[in-house]
Each structure stands twice: as C-alpha cells, then as structure tokens.
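First to last, the protein sequences are chains F and R.
Numbering that gives the first Met the number 0 puts the first residue of the first sequence at 0, with every later residue one more than the last.
Numbering that gives the first Met the number 0 puts the first residue of the second sequence at 0, with every later residue one more than the last.
Treat the hints as calculated values from the structure; they're not laboratory data.
Built from N, CA and C at the ideal position, the CB exists for glycine as well.
Hints are not guaranteed to be accurate.
If you want a taste of the chain R side facing chain F, the calculated C-beta under 8 Å gives, among others [what the hints assert, rightly or not]:
1. Tyr44
2. Tyr123
3. Ile224
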Amino acid sequence: MFKLSVVTPIAVYFEEEVSSIVAPGSDGYLGILANHAPIITSLEPGLLTIKDTNQNETEFAIGGGFLEVSGNKATILAESIEPLSEIDLARAEAACKRGKDRIAGLFTDENVDMERSCHSLAKAVNRINLVRRSGRN
Amino acid sequence: MATLKEIRSRIKSVKSTRQITKAMEMVAAAKLRRAQQRVAEARPYADRMNDMLGSLAEGASGDITHPYFDNREVKKRTLVIVVSDRGLCGSFNARLLRAADDWLAQYSTSEVELVVVGKRALDYYKSRPYPIAASYIDWGGAMEYEKSKSLVSFLTKRFVDGETDLVNVIYASFVSTAKNIVTNEQYLPIDNPASAADTSVSSEKASESKTSRKEYIFEPSPEKIYASLLPSYALTKMLTALLDSFASEHSARMIAMNTATTAAGDMIDELTLNYNKARQGQITKELLEIVSGAEALNG
Numbered sequence: 000m001f002k003l004s005v006v007t008p009i010a011v012y013f014e015e016e017v018s019s020i021v022a023p024g025s026d027g028y029l030g031i032l033a034n035h036a037p038i039i040t041s042l043e044p045g046l047l048t049i050k051d052t053n054q055n056e057t058e059f060a061i062g063g064g065f066l067e068v069s070g071n072k073a074t075i076l077a078e079s080i081e082p083l084s085e086i087d088l089a090r091a092e093a094a095c096k097r098g099k100d101r102i103a104g105l106f107t108d109e110n111v112d113m114e115r116s117c118h119s120l121a122k123a124v125n126r127i128n129l130v131r132r133s134g135r136n
Numbered sequence: 000m001a002t003l004k005e006i007r008s009r010i011k012s013v014k015s016t017r018q019i020t021k022a023m024e025m026v027a028a029a030k031l032r033r034a035q036q037r038v039a040e041a042r043p044y045a046d047r048m049n050d051m052l053g054s055l056a057e058g059a060s061g062d063i064t065h066p067y068f069d070n071r072e073v074k075k076r077t078l079v080i081v082v083s084d085r086g087l088c089g090s091f092n093a094r095l096l097r098a099a100d101d102w103l104a105q106y107s108t109s110e111v112e113l114v115v116v117g118k119r120a121l122d123y124y125k126s127r128p129y130p131i132a133a134s135y136i137d138w139g140g141a142m143e144y145e146k147s148k149s150l151v152s153f154l155t156k157r158f159v160d161g162e163t164d165l166v167n168v169i170y171a172s173f174v175s176t177a178k179n180i181v182t183n184e185q186y187l188p189i190d191n192p193a194s195a196a197d198t199s200v201s202s203e204k205a206s207e208s209k210t211s212r213k214e215y216i217f218e219p220s221p222e223k224i225y226a227s228l229l230p231s232y233a234l235t236k237m238l239t240a241l242l243d244s245f246a247s248e249h250s251a252r253m254i255a256m257n258t259a260t261t262a263a264g265d266m267i268d269e270l271t272l273n274y275n276k277a278r279q280g281q282i283t284k285e286l287l288e289i290v291s292g293a294e295a296l297n298g
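Excised from the complex, chain F in its bound form (with noise of 0.2 Å):
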C-alpha cells in the first residue's frame, strides 16, 4: 500500500492509499507497487491502472506526464485524465480530425506546431483507442 497523488494544472484529482497502478511509461507499461525503488519517469498518452486497497481496479485514460516514486509516495504530473466511462468519444474524434487536419496543414502553413499538433492528435487517438477497447460505444 502507498500513497498515490494524481496532480492536473487544473486540480488534485487523486489522493488516495492504494495497493498498485499501472502506468504508460515513454519505455513502456510500468507497474508500481508498494516499496518501488525512486522513480522518475515521463508518462505518454495511454492507459492508467489503479488498483485501490480493496483490490478494486479502476482505469483512466492520462494525456501524457510525469511519475515519481519516492519514499513510498507516487506523484503523477497528469497533463489530462479522465475515467474511461467519462471520455467524450464525439470530442475526441473532433480533436482527431482537427490535429490531423493541422498536420496536413504543415505544407501550407508554417505557423503550426508541429509537436503540439502531434501530441494533441496522440491525446485523441489514445482516448478514441481506449473507449473502442472497452467496447463501449
């Protein structure tokens, strides 16, 4: 058991005991249980697992950020998060379109950003991905 913190720039969206995650690490799926040797480590768009003391599993979908694990204590730097049941799949597959549409856009225009563009397109397809995974529809 260790404590979690699920920190957003718009909030503290978690801050609760629990027994492990499972994260989307940039080197891959990472599983954190209690005692973890310190950790830092960038998160990419994907799938995060909390497993919670009662051994409940609870899955959200993380935009991207940052894990460390010290001391018993994980702090997750999430850009977004939201739990699975919550993605609005028709928002998603708006940003979908719209960053690859800007992508498409880059021979023309050269104010896009490329890396905001890629990674708020990565950002839709993870959730688009996630919800189609969980057959929900």
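Using the hints, position chain R against chain F.
Chain R alone, transformed into the frame defined by chain F:
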C-alpha cells in the same frame, strides 16, 4: 451658489454613477472569487512540478544541458508585461507599467523588446520607442489556455532561436484580496536546478536530500525527461503568472469600485446638504420678499 435645479441633477447623476460602480464592484467580486479559486487549484501542480524538477536535478549526475538552460551573454532582452485589458481598476496597471519603465530604462531601446499581454500595455507602448515583438490582448479577464500556450511557444521559440537571450516577466502576483505584489521574474533561461539544487527545491525536499541522497531510476534518461518536463514547466510557470495577474486585476477593480461607491455616497450626502441649504435659503428669501412687500403697502 448653484441653483436648486442644478444640484438636483448633480445628485441624480452621482446616484446613477454609484449604481454603476456598485454593480461593477459586485461583478468584479464574483470574477475574483472564480479567479482566486483557479489560482488555488493550479498551485499544487506547479509546486509538485518544482519538486520533481528538484528531484531530477538531485538524482541526475553530470551536466544536463537543455536549450532552456542556456545561460549566454545577454545581448537582447525580452520583457513580457502582463496587465489588464480594461481600466477602472485603480492603480493596478499604472504600477505595473511603472515597474516595466524602470526596468526598460536601464537598457537602450535596441537591446530590448516587448511582449505585451493586455490591451492597456499595448495602448501605453504603442507610442513609445520600444519595439513590440508580439501582443496578446482581449483575454476578457480570464485564462485562455490556447492563447497562453501560443504565448509560451512564441517566447521559447524566440529564445531557442537566439533572437533573444533573456526573457523577464512583470506581473502582479496575487497575495490576498487587498494585496498584490508587482513581480519581475526571470522566465528564460531557466535556472539549472542541478547547479542550484539546494536552493531551488522546496525546504522539505532539501532537508530530505541532506539526510539521504536518493538513487533514482530514470526512464528513459534524465536528458529525455528534462526535454519533456521543461516545456511543461515553462508553460506552468506562465500559467501561474497569468492566473495570478487575473486574480490581482479583479481584486484591484473590486477595491477601486468599492472606493468609488463610497466616494459617490459621500458626495451625495454633501450635495443633499447643499440642496437643503439652498432650498431653505430660497424659502427665507421668498418670505422676506413677501414680508417686505406687505410692509411697503402698510407703510
């Protein structure tokens, strides 16, 4: 002495002014509440990010380089001045602009450039010799995420491309409803926490690091984490400054409007007194005329 009619219309106009300032005070109070809440909500993220940057510096060995750390000889400076779009907020903008002027006065006009946030700053600097590199106006008194992002990417790009060597931000840092502090902060280059690890991390962490230095695992590598953490850090820092500025603006406006409402009340009292005096004076005068007229007939 002003005629009764004049005083009456003065009173009426001051009363309607008071009504307006009262309404504006209430609007500012409502906006302040929201802005204050957002400041409070955004703070944990900024704090945790600071902590994480500290741990990263603490755990990573060797020199970490990143374009944002590039502390080079300063030939060109950029000043970001954050003020409000609209007036009627007392000395809020004047104080910020004075601080900006003081800072700018140290350098020649070719050494500096401005990035203005808020219409008031644009109006102010339009007719002055300092070059304006970009302006971000019409915020409507609230945070716009996209606009802030493009401000940050403009600044970082300019810095990385070598078009400027130092970026400072002047904004009103929010302390409480009655207090905000004009702050002039270096935005870029970011102080490399590896060289100042003991001072930049929060006191809690600093004491921790003295007792036991932690061996962190870094995934993928410290360089790569820096590469993705620093842009977020830069964005968060700017967002914090903007949120503070908006909260300060609303509190300044609320106080200014409160003062105006009170002043209008005092003015109404005074005018009413004058009005009554004038009315009484007129009645006395009329009485005198009647009496003296009657006496002339009797005489």
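Review point. Does the structure break any of the earlier hints, and which numbers would those be?
Key: 2
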